[in-house]
Amino acid sequence: MMGVREKIMPVQQEISFKAFEMGLAVKSNDPVNGEYRKLVLDAPAGLLARCRAGQFFHLLCPQSGGETPYLRRPMSIYGFYPQSGELHFLYKVTGAGTRALAALSSGERLNVLGPLGVPFTIADHWQDLVLVARGVGLATLAPLALEAQRLGRRLTAICSARHPDYLMSTGYFADLGADVITLTDAEGTSDPDNLERVIEGLVAAGRADAFYTCGSNRMLRLLQTIGARHGIPGQIALEQQMACGIGMCHCCVRPFNRGDKQVHLRVCREGPVFDMMEAIAW
Amino acid sequence: MMGVREKIMPVQQEISFKAFEMGLAVKSNDPVNGEYRKLVLDAPAGLLARCRAGQFFHLLCPQSGGETPYLRRPMSIYGFYPQSGELHFLYKVTGAGTRALAALSSGERLNVLGPLGVPFTIADHWQDLVLVARGVGLATLAPLALEAQRLGRRLTAICSARHPDYLMSTGYFADLGADVITLTDAEGTSDPDNLERVIEGLVAAGRADAFYTCGSNRMLRLLQTIGARHGIPGQIALEQQMACGIGMCHCCVRPFNRGDKQVHLRVCREGPVFDMMEAIAW
Amino acid sequence: MVDLSVDIAGLKLKNPIMPASGTFSEELAEIFDLERLGAHVTKTITRGWRDGNPTPRVCEVGGSMLNSIGIPSKGVGAFLEKVVPFYRRYETPLVVSISGNTADEFATLCSEVSVEGVAAIEVNISCPNIEEDGKAFAIRPSSTYDVMRRLRAATDLPLWAKLTPNTGETPEVARAAEEGGADALVVANTILSMAIDIRSRRPKLGNLMGGLSGPSLKPIALRMAYQCARATGIPVIGCGGISTVEDVIEYLIAGATAVQVGTATFIHPTAMIAIIDGLEAWLADEGLAGVRDLIGTVIDGEQDEAVVFMEAAP
Amino acid sequence: MVDLSVDIAGLKLKNPIMPASGTFSEELAEIFDLERLGAHVTKTITRGWRDGNPTPRVCEVGGSMLNSIGIPSKGVGAFLEKVVPFYRRYETPLVVSISGNTADEFATLCSEVSVEGVAAIEVNISCPNIEEDGKAFAIRPSSTYDVMRRLRAATDLPLWAKLTPNTGETPEVARAAEEGGADALVVANTILSMAIDIRSRRPKLGNLMGGLSGPSLKPIALRMAYQCARATGIPVIGCGGISTVEDVIEYLIAGATAVQVGTATFIHPTAMIAIIDGLEAWLADEGLAGVRDLIGTVIDGEQDEAVVFMEAAP
Ligand SMILES: Cc1cc2nc3c(=O)[nH]c(=O)nc-3n(C[C@H](O)[C@H](O)[C@H](O)COP(=O)(O)OP(=O)(O)OC[C@H]3O[C@@H](n4cnc5c(N)ncnc54)[C@H](O)[C@@H]3O)c2cc1C
Ligand SMILES: Cc1cc2nc3c(=O)[nH]c(=O)nc-3n(C[C@H](O)[C@H](O)[C@H](O)COP(=O)(O)OP(=O)(O)OC[C@H]3O[C@@H](n4cnc5c(N)ncnc54)[C@H](O)[C@@H]3O)c2cc1C
Ligand SMILES: Cc1cc2nc3c(=O)[nH]c(=O)nc-3n(C[C@H](O)[C@H](O)[C@H](O)COP(=O)(O)O)c2cc1C
Ligand SMILES: Cc1cc2nc3c(=O)[nH]c(=O)nc-3n(C[C@H](O)[C@H](O)[C@H](O)COP(=O)(O)O)c2cc1C
Ligand code: FES
Ligand code: FES
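Residue numbers (my numbering), protein chains in the order written: chain A, 1 to 282; chain B, 283 to 564; chain C, 565 to 878; chain D, 879 to 1192.
You may find that some hints are simply not true.
List of simulated lysine to aspartate or glutamate pairs, EDC-like, C-alpha gap at most 20 Å [stated by the list, open to error]: (1) LYS300(B) / GLU591(C); (2) LYS300(B) / GLU645(C); (3) LYS890(D) / GLU994(D); (4) LYS374(B) / GLU521(B); (5) LYS890(D) / GLU908(D); (6) LYS892(D) / GLU1057(D); (7) LYS952(D) / GLU147(A); (8) LYS646(C) / GLU521(B).
The following label-pair restraints were derived from C-beta to C-beta distances [said to hold, decoys possible]: (9) GLU469(B) / GLY1165(D): 25 to 35 Å; (10) THR94(A) / ASP982(D): 28 to 38 Å; (11) ASP761(C) / SER388(B): 32 to 42 Å; (12) GLY639(C) / VAL375(B): 36 to 46 Å; (13) GLY860(C) / VAL263(A): 56 to 66 Å; (14) ASP761(C) / ASP911(D): 51 to 61 Å; (15) GLY639(C) / ARG511(B): 54 to 64 Å; (16) PRO44(A) / SER388(B): 47 to 57 Å; (17) GLN544(B) / ASP761(C): 34 to 44 Å; (18) THR1175(D) / VAL545(B): 48 to 58 Å; (19) VAL263(A) / GLU695(C): 30 to 40 Å; (20) ASP982(D) / ARG258(A): 48 to 58 Å; (21) PRO44(A) / ARG391(B): 55 to 65 Å.
Derived from the structure by calculation, the hints contain no laboratory data.
Bear in mind the structure is a predicted one, so any value in this text is a computation, not a measurement.
We treat Cβ as the ideally placed atom computed from N, Cα and C, and that holds for glycine.
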């Protein structure tokens, strides 16, 4: 019925197609630890060539176990590998949509729409990058490490989690040449005061030209304070409930400070990556 | 969430439970010919002991292939075998519900509600029974042959179909000692005139104490004419769109002549088997 | 042990789960013990005999259903003789649903069914008011108020007014029903809908149009239940698209004191039993003493109702 | 070759498929060639700048969605400067959706957007009329008629009136819009609904209530489209829950001349393209010469509308 969807559209004069809806085959879909799973999809080179760190795909989760997720679900690109033709997502099972994702097995197809949104940027003079991530925020920040390596920048990855068992991707960061600092609730090292000490240490050592973070309110506030104190810029990836994912519906707005005004920007379109200093903690 | 459903309810004083909702395992589900399939379910003896020829079950068709049938679908009991613990249905794939049935594989469970409705009756003085069936009507009439054999009555089964390839259950009837007469469109033997000749022959031979039929308008009219002509009674199983299947909603009514009045009766409750002479052709 | 009981304007129910009118009858006693329900609610009757609508009277629409049963009725005599006595064997209170096309006929029926064995009367004012323009009484506040006054004068039994979603004035209609003398509101009936068979080009219902019930109705009826609970001081009985315990909890949080389950019983005849058991288990898990700790606990920031209504319209 | 074209009060569309207001924007040009659509319909704008509603502005309800976007608007200046010029590159006619809380403001905006490049104006009269009681203009026939008269006087462009399902008087409102000067009716907007998160006990929308769109709305909006096509002599543009070719065919048979696709585009951004291709294929299969052979072909036995309405109510 909807078979025409994947047909190639005629190219328009002035506008080129930027995002695509397509069904991709599942290569694997395995648990990473108790709460998270990694989904690997088989993706065409043309699609992977368009992907950038910080962007997301909008996933059409299938019917599963009597549940019928209706809207698409946004998921950050966790990794994109043109060589092996793979597109990776790291996700946490929270509700009907992600439960349906968890039920996908190899060979099944998942309808994806993307890549969407504004990626992270790394300014030319940002030589030392600091990435601060907790939980599923890693999914969004991980591909930044690849990009940093490609551009020859130094990266410190501060990974925080409830318990050492739930730390993810630390090996991945280390393999890409990043310095990895782990902080956990269980070891009592993840509190804001300690985090501030750790970051101030990096600043003092000249290892913090820019911050990158994601999701957590507490971290945003802390990084804004440190950023303002030392004039260090940063970027943050934010979340919001979405419907269309491409800028049409204005569901996904968040308020930002811009000059002396508050503006509403769409997370799917002007984001999900925003200037860290403009973001407003919630 | 709904797991309590199959719990045994406390027995009431005056009213005993007559119909049950339960999940039965599929034993097999195979095509009979191009259009029909036979579904065999594993059923407990207590349930099978309640089944009678002419009754039906209300089936909760599962989600399948993106379709979500909502209401239950009524299906006649095609066979019930307390010895082997089997409940059989013969069905034609027509829409979303029966497509979902067709997708069931062995071992899966199907939620059924029944047995429901009023069965066929065979009066003591009806020694020679004539059954006239076409298409899926066979599903409803077939168990009558079993009952006739049990009661030691003679049965003539007139089976009509588009083509000899689509004749079903003729072997089944023959095995139960019935005389089988086959009529097909392809052979030009199934027209009303010929059918009338065949039946009049049975009447003349004293082989028609009662008629049993199902579904077709044309046959109903013909049998009513012959029945009136010779004072031969009969029963007909009728269909109607249903919601509840147990008499609550009054969705499934049909008009009947009773005395000099027209009454509306519920197919699920006062039927599906009705007096042939009271039924109104549509 | 959690306390499932609720109080509807003086009528005590052992639990807040009851059937919706037209989706319940004596026949269900063949499937489970009807004594387990919070109340019994009968199919709407009219004074005289009625045939109901042409068939097909039911069809399926994307995970929900339409019906155009109409109100086939054997009349009040047969009802008092056969139906009311059947329910006397139960301690569960019996609620009788009635309807009439004129206020007169409606009021007469109301007093006729005020007999022993009947605990409350549900007045289905979603039926057409043929003295005006054939629109249901409950479409407008004025016709709601007028008919409720007449009904109030006709009986001393508790009166439950059943509202319709086919209106743009739910809070006003609810207040009119309260002022007219309703003791409780049943919210809501089905919403007028249609489906067409594209092969035959015929409407799927013999009556062309019919009422939508089942899951699709839930967000609409839930909104109405919330509006009514805010707009009036009388208990609201939520109804529309309930099929799980979670649905019931949503209605209770929105402000409903009890709920009615309709179409779900067609899908699972024992749905109400599963819901009662599930509600008890859920309350226990949450450490709540009873249903009453849930009712109306929605955190809505006390927004002004009129503003909310205005702003929600796109 | 089947003829997909239709005529909406003198405006010729190459096919009957267009987007619904608020579910379409320039961004979609990044996914397919917008020239393929029958028309372009913009998100409703107001004269001045507006912020829209608090977040979350969207939630899911059983296979459909609620939204309470509100009408964030950059105002008419920005619209004329940026949006209208964007669509000039296309031959597809541009339909501009507008709204206002008073008849005055609404009419002023109506004449302001009557500029070159705009082919028709869709007036979203489902917005609150703050001069009366804050109810949408299109809830009542009288306020519909009054605002339509004002709008009619403000422009020479074709006027499409977009109706709301939040009323019990659809045929009357439709006739009022026609008498007030509407050239076509868009049927319909979203229906007011609610959903509550049972864990947090908070409404799932920041605005408490919002509009239901998607498949659940279809039987309701289809019924309205049928009622409007029978009640008036102007073209009806069906809208509500359309996601497949079959849905479109159902609306056309019911009497709609064209349709708008809303929420389905959020699920499949190319849904409209699939529908256009599918419609062409279906017509060819059926041996029909064009869309026009389908419109209004429902076999409804010419039942009287008032009777139908009465009897359908349960
Ligand atoms: C740009 C972006 C990138 C994201 N990347 C990731 C990622 O890489 N890994 C990951 O695990 N999660 C990510 N999320 C969050 C993810 O979208 C939600 O966890 C997911 O939508 C939950 O769906 P559900 O059906 O399982 O849960 P439910 O709670 O049942 O969802 C109900 C509705 O709320 C929406 N919703 C729920 N939580 C969120 C949320 N946090 N943000 C936006 N919408 C939400 C759902 O999309 C759905 O519409 C991202 C969110 C955004 C906006
Ligand atoms: C008492 C009774 C016994 C039946 N026994 C059999 C049987 O043994 N074998 C068999 O193949 N069919 C039988 N039927 C018909 C069977 O119920 C329908 O074919 C089936 O419901 C079609 O469902 P669907 O979803 O595949 O088709 P759809 O056309 O998509 O169904 C749409 C809706 O219409 C209803 N419907 C469609 N056709 C019928 C019909 N003929 N009767 C009643 N409702 C209908 C469906 O239940 C559903 O609610 C019987 C019907 C009745 C009433
Ligand atoms: C088949 C059917 C018949 C109904 N008959 C009546 C009725 O006689 N009187 C009435 O007030 N409501 C009647 N209703 C409406 C229900 O009582 C209920 O308000 C509606 O179905 C919404 O609840 P649900 O979604 O749980 O079914 C009927 C509904 C159905 C489906
Ligand atoms: C996110 C969203 C925003 C909408 N915004 C508007 C709007 O600005 N103006 C309007 O007239 N209708 C608006 N609508 C209603 C749609 O135009 C349409 O009438 C409704 O969604 C029903 O169609 P659908 O079921 O195909 O979505 C909006 C709907 C949605 C889902
Ligand atoms: S999700 Fe629609 S604009 Fe962002
Ligand atoms: S299907 Fe409900 S009464 Fe027969």
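Hints, verified against the model:
At most 20 Å may separate the alpha-carbon atoms for a hinted pair to count; LYS300(B) and GLU591(C) meet this at roughly 10 Å. With a C-alpha separation of about 25 Å, the suggested pair LYS300(B) and GLU645(C) falls outside the 20 Å cut-off, and the hint is violated. Pair hint LYS890(D) plus GLU994(D) holds up; C-alpha atoms about 17 Å apart against a cutoff of 20 Å. The straight-line distance between the Cα atoms of LYS374(B) and GLU521(B) is roughly 14 Å, inside the 20 Å bound, and the hint therefore holds.
Under the criterion of a C-alpha separation no larger than 20 Å, the hint pairing LYS890(D) with GLU908(D) is inconsistent with the structure, at around 26 Å. Distance restraint check for LYS892(D) and GLU1057(D): the Cα-Cα separation of roughly 28 Å exceeds the 20 Å cut-off, and the hinted pair is therefore not satisfied. Pair hint LYS952(D) plus GLU147(A) does not hold up; C-alpha atoms about 37 Å apart against a cutoff of 20 Å. Simply put, LYS646(C) and GLU521(B) have alpha-carbon atoms about 28 Å apart, too far for the 20 Å limit, and the pair is violated.
A hinted range of 25 to 35 Å for the beta carbons of GLU469(B) and GLY1165(D) is consistent with their spacing of about 32 Å. For THR94(A) and ASP982(D), the hinted distance range of 28 to 38 Å is not satisfied, since their beta carbons lie about 48 Å from each other. In this structure, ASP761(C) and SER388(B) meet the distance hint of 32 to 42 Å, their C-beta atoms being roughly 34 Å apart. At about 43 Å, the CB distance of GLY639(C) to VAL375(B) agrees with the hint of 36 to 46 Å.
At roughly 37 Å, the beta-carbon separation of GLY860(C) and VAL263(A) lies outside the given 56 to 66 Å, and the hint is violated. About 34 Å separates the C-beta atoms of ASP761(C) and ASP911(D), a value inconsistent with the hinted range of 51 to 61 Å. Take GLY639(C) and ARG511(B): their Cβ atoms lie about 39 Å apart, and the range 54 to 64 Å is violated. At roughly 38 Å, the beta carbons of PRO44(A) and SER388(B) sit outside the given window of 47 to 57 Å.
Take GLN544(B) and ASP761(C): their Cβ atoms lie about 27 Å apart, and the range 34 to 44 Å is violated. Between THR1175(D) and VAL545(B) the beta carbon distance is about 36 Å. The supplied range of 48 to 58 Å is therefore violated. Evaluation of the 30 to 40 Å hint for VAL263(A) and GLU695(C) yields a failure: the beta carbon distance comes to about 57 Å. Hint check: ASP982(D) to ARG258(A), Cβ distance near 33 Å, so the stated range 48 to 58 Å is violated.
At about 40 Å, the CB distance of PRO44(A) to ARG391(B) disagrees with the hint of 55 to 65 Å.
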